[in-house]
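Chains as they are written, first to last, in this note's numbering: chain A, 1 to 427; chain B, 1 to 236.
These are calculated hints, taken from the structure and not from any lab test. Among the hints, erroneous ones may be present.
[Unchecked claim] Only pairs whose alpha carbons sit at most 30 Å apart, straight line, appear in this in silico BS3-like list of lysine-lysine:
(1) A:K116 with A:K208
(2) B:K202 with A:K386
(3) B:K202 with A:K405
(4) A:K354 with B:K98
(5) B:K35 with A:K405
(6) B:K98 with A:K405
[As the list claims (entries may be wrong)] Simulated coverage check for chain B against chain A, where a stretch passes if three residues somewhere in it have a Cβ under 8 Å from a Cβ of chain A:
(7) 89-95
(8) 158-167
(9) 204-216
Quick reminder that beta carbons are idealized off the backbone N, C-alpha and C, glycines included.
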Amino acid sequence: MTSMTRRTFGIWAGAAAASLALPTYLRAQDRPRVVVIGGGAGGATAARYISKDSEGAIDVTLIEANPQYTTCFFSNLYLGGFRSFQSITHTYDVLAANYGISVVNGRAEAVDREAKEVVMADGGRVPYDRLVVSPGIDFIWDSVPGYSEEAAQIMPHSWKAGPQTKLLKEKLEAVENGQQIVMVTPPNPYRCPPGPYERASMFAHILKSKGFTDSKIIILDPKEKFSKQGLFQEGWEAHYPGMVEWYGPEIHGGIKGVDPEKGTVETDFDTFKGALVNVIPAQKAGAIAHQAGLVSENGFCPIDAESMRSTMDENIFVLGDAAIAGDMPKSAFSANSQAKVAAMNVRGDLTGSKVFPARYANTCWSLIAPDDGVKVGAQYAPTEEKIASTTSFISQTHEDPALRKATYEESLGWYAGITSDIFGRQG
Amino acid sequence: MRQRRRGLGRSAGLALAALSCGSALAGGDPAEGEKVFSACRSCHQVGEGARHGIGPHLDRVFGREAGSLEGFAYSLALRRKGAQGLVWNAQTLDVYLKRPQAYVPGTRMSFRGMAGNEDRANLIAYLEAASAGAPAADPGAAPAPRDEIGALAMNIEGDPALGQYLANECVTCHQPSGRADGIPSIVGWPRVAFVRALFEYKTNVRAHEVMRMVTRNLGNDEIAALAAYFGSLTPQ
Ligand SMILES: Cc1cc2nc3c(=O)[nH]c(=O)nc-3n(C[C@H](O)[C@H](O)[C@H](O)COP(=O)(O)OP(=O)(O)OC[C@H]3O[C@@H](n4cnc5c(N)ncnc54)[C@H](O)[C@@H]3O)c2cc1C
Numbered sequence: 001m002t003s004m005t006r007r008t009f010g011i012w013a014g015a016a017a018a019s020l021a022l023p024t025y026l027r028a029q030d031r032p033r034v035v036v037i038g039g040g041a042g043g044a045t046a047a048r049y050i051s052k053d054s055e056g057a058i059d060v061t062l063i064e065a066n067p068q069y070t071t072c073f074f075s076n077l078y079l080g081g082f083r084s085f086q087s088i089t090h091t092y093d094v095l096a097a098n099y100g101i102s103v104v105n106g107r108a109e110a111v112d113r114e115a116k117e118v119v120m121a122d123g124g125r126v127p128y129d130r131l132v133v134s135p136g137i138d139f140i141w142d143s144v145p146g147y148s149e150e151a152a153q154i155m156p157h158s159w160k161a162g163p164q165t166k167l168l169k170e171k172l173e174a175v176e177n178g179q180q181i182v183m184v185t186p187p188n189p190y191r192c193p194p195g196p197y198e199r200a201s202m203f204a205h206i207l208k209s210k211g212f213t214d215s216k217i218i219i220l221d222p223k224e225k226f227s228k229q230g231l232f233q234e235g236w237e238a239h240y241p242g243m244v245e246w247y248g249p250e251i252h253g254g255i256k257g258v259d260p261e262k263g264t265v266e267t268d269f270d271t272f273k274g275a276l277v278n279v280i281p282a283q284k285a286g287a288i289a290h291q292a293g294l295v296s297e298n299g300f301c302p303i304d305a306e307s308m309r310s311t312m313d314e315n316i317f318v319l320g321d322a323a324i325a326g327d328m329p330k331s332a333f334s335a336n337s338q339a340k341v342a343a344m345n346v347r348g349d350l351t352g353s354k355v356f357p358a359r360y361a362n363t364c365w366s367l368i369a370p371d372d373g374v375k376v377g378a379q380y381a382p383t384e385e386k387i388a389s390t391t392s393f394i395s396q397t398h399e400d401p402a403l404r405k406a407t408y409e410e411s412l413g414w415y416a417g418i419t420s421d422i423f424g425r426q427g
Numbered sequence: 001m002r003q004r005r006r007g008l009g010r011s012a013g014l015a016l017a018a019l020s021c022g023s024a025l026a027g028g029d030p031a032e033g034e035k036v037f038s039a040c041r042s043c044h045q046v047g048e049g050a051r052h053g054i055g056p057h058l059d060r061v062f063g064r065e066a067g068s069l070e071g072f073a074y075s076l077a078l079r080r081k082g083a084q085g086l087v088w089n090a091q092t093l094d095v096y097l098k099r100p101q102a103y104v105p106g107t108r109m110s111f112r113g114m115a116g117n118e119d120r121a122n123l124i125a126y127l128e129a130a131s132a133g134a135p136a137a138d139p140g141a142a143p144a145p146r147d148e149i150g151a152l153a154m155n156i157e158g159d160p161a162l163g164q165y166l167a168n169e170c171v172t173c174h175q176p177s178g179r180a181d182g183i184p185s186i187v188g189w190p191r192v193a194f195v196r197a198l199f200e201y202k203t204n205v206r207a208h209e210v211m212r213m214v215t216r217n218l219g220n221d222e223i224a225a226l227a228a229y230f231g232s233l234t235p236q
């Protein structure tokens with residue numbers, strides 16, 4: 001996956017000189033140009049909506065490092081055996097063929113904000129009138145001492161989908177009865193708040209379905225509480241009695257570090273050994289957002305709540321996990337919702353089309369066991385200081401199994417809906 | 001299931017499913033079937049003067065080729081099945097109603113299916129008994145709105161531009177192509193039925209957390225605009 005090599009590119013100084021010598025993607029044309037960095041939940045949606053709703057009046061280029069996109073959302077269902085890897089992997093073919101979007105397969109290395117050009121890893125430059133940045137997250141590797149990009153080959157994070165997801169699945173399938181799985185979960189803010197706990201549920205489901213009920217899953221959490229906690233804990237008790245143990249900081253006293261060679265996690269309280277150790281480190285906005293100078297001290301990008309416009313540069317919009325989106329969680333649903341607001345504002349800037357007041361929404365489903373789905377959702381509106389929640393709901397404990405099943409089926413409908421909204425309707 | 005419409009069929013089905021697991025076809029009871037039909041009523045009419053609503057009218061459905069009525073925008077999937085020779089009779093209705101999506105993948109009927117064999121037998125008996133009168137001359141007209149619900153929005157001409165903008169939120173879940181993979185299709189509905197559905201969620205007549213939240217902040221103009229926009233789309 002995209003782990004950026006942190007080259008110091010000297011963007012500001014180098015820009016003027018570089019633009020003379022290097023190749024360029026510039027094409028002769030007079031349409032306003034929008035460049036989108038990142039073809040994920042946020043970026044691909046933005047590219048599609050700008051192109052579709054401007055009816056070709058805007059030239060849209062989508063820069064994406066990978067030729068295909070495997071969704072993090074539903075990757076836990078792949079781990080649990082409910083989805084194939086194929087079914088969570090998508091291409092950019094429809095965006096290119098049916099929406100006239102120029103899809104550039106390559107890595108954006110820097111943004112020359114003065115020249116309004118994106119600098120590619122191969123040195124090429126892509127000019128823009130408006131830039132949309134949706135690079136997702138990067139890891140703060142040393143937030144867990146002893147962990148690193150190399151260590152992730154032994155203790156996968158699988159918090160970016162792709163080869164890491166397959167690696168985790170292999171390791172999960174190799175766990176034997178009586179062996180232990182240890183998870184190190186991230187501190188806030190991170191992508192998909194209920195994700196680690198849905199993953200623990202899928203681990204337990206696989207072990208249980210093999211009859212490996214002597215195995216345990218230990219969750220070492222730096223947080224005192226977590227998303228949908230009551231629902232997950234009730235579900236674990238009901239479906240996987242005695243198999244999932246969650247330890248907050250009051251119990252483990254602090255996560256000191258990991259030893260990939262030994263397969264251990266050391267805490268103040270004890271050292272935990274796992275046949276499988278899944279480490280999800282702390283997170284920050286994708287490297288390109290840092291290189292472009294769009295982040296604040298907390299490692300994420302401040303935006304204007306009305307429009308998703310960067311507060312650092314009026315020609316740039318930041319979406320999805322990389323943005324500081326107030327009360328909105330970092331989710332694909334949120335990124336998709338923010339992308340539509342940004343797309344409308346980009347069109348407003350460039351073609352003078354009507355800009356309606358921003359509305360945002362999110363719903364996150366989680367699967368605890370077969371046919372036992374839960375959800376949490378909210379709607380949001382901009383206020384003076386942030387994107388604020390206006391109304392919300394969450395599944396209740398002790399719900400009727402038929403309702404839980406309906407909730408799960410709904411999530412399948414959502415996956416089909418949102419992926420065709422992001423990548424265009426396939427076939 | 002706390003949802004009104006589908007809930008009825010399902011809870012009745014649960015009780016009966018335990019008793020019988022054979023075929024549903026042995027002599028159903030039309031009187032019982034009429035009760036079960038409440039699971040279909042919000043989308044289908046049957047009997048004399050029946051009209052198309054969200055679903056095609058079901059009058060004289062026996063012996064009819066699937067997907068063949070004039071004036072109703074069937075899914076391609078159902079029309080294909082009909083062209084390939086699917087004709088409705090007790091047997092084929094039984095299989096379709098048990099799990100519509102399994103029998104006709106891609107059907108636009110957003111009904112999960114009826115598990116209870118006895119329920120289906122009764123329902124099919126009822127459909128046969130009720131299929132009497134000639135269909136109305138005016139297909140496409142939906143039933144009249146209930147006064148207390150959304151009378152205001154019913155009378156507003158929705159602004160499709162506003163509708164398209166508001167629809168951005170809906171299409172994360174409801175596919176504009178009309179495909180339904182677990183969340184119902186909402187395209188190409190008659191305006192009145194659409195407005196009514198949204199008001200029923202808003203007022204919790206139909207209980208559904210997501211749709212209640214989605215409709216909570218929608219005003220009459222906005223509901224009318226959404227009805228106009230989604231009504232203007234054709235299912236593919
Ligand atoms: C296990 C798990 C489960 C989840 N489940 C859900 C769920 O059920 N529901 C939900 O709504 N969300 C879920 N999420 C969260 C969701 O995946 C993210 O919030 C979402 O993908 C964020 O979208 P984004 O556009 O910000 O980033 P991404 O989707 O990560 O897209 C970023 C893209 O940018 C590309 N990129 C980055 N930098 C560059 C560069 N410099 N040049 C070129 N390309 C670049 C990357 O290759 C990537 O394709 C889950 C996440 C995880 C990890």
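Results of checking the hints against the structure:
1. A:K116 with A:K208: Judged against 30 Å, a Cα distance of about 55 Å means the pair is violated.
2. B:K202 with A:K386: holds, 27 Å
3. B:K202 with A:K405: holds, 23 Å
4. A:K354 with B:K98: violated, 47 Å
5. B:K35 with A:K405: holds, 25 Å
6. B:K98 with A:K405: It holds: about 17 Å lies between the C-alpha atoms, which stays within 30 Å.
7. 89-95: violated (count 0)
8. 158-167: holds (count 4)
9. 204-216: Contact hint for the segment 204-216 of chain B vs chain A: holds, 6 residues under 8 Å.
In summary, the numbered hints that this structure violates are 1, 4, 7.
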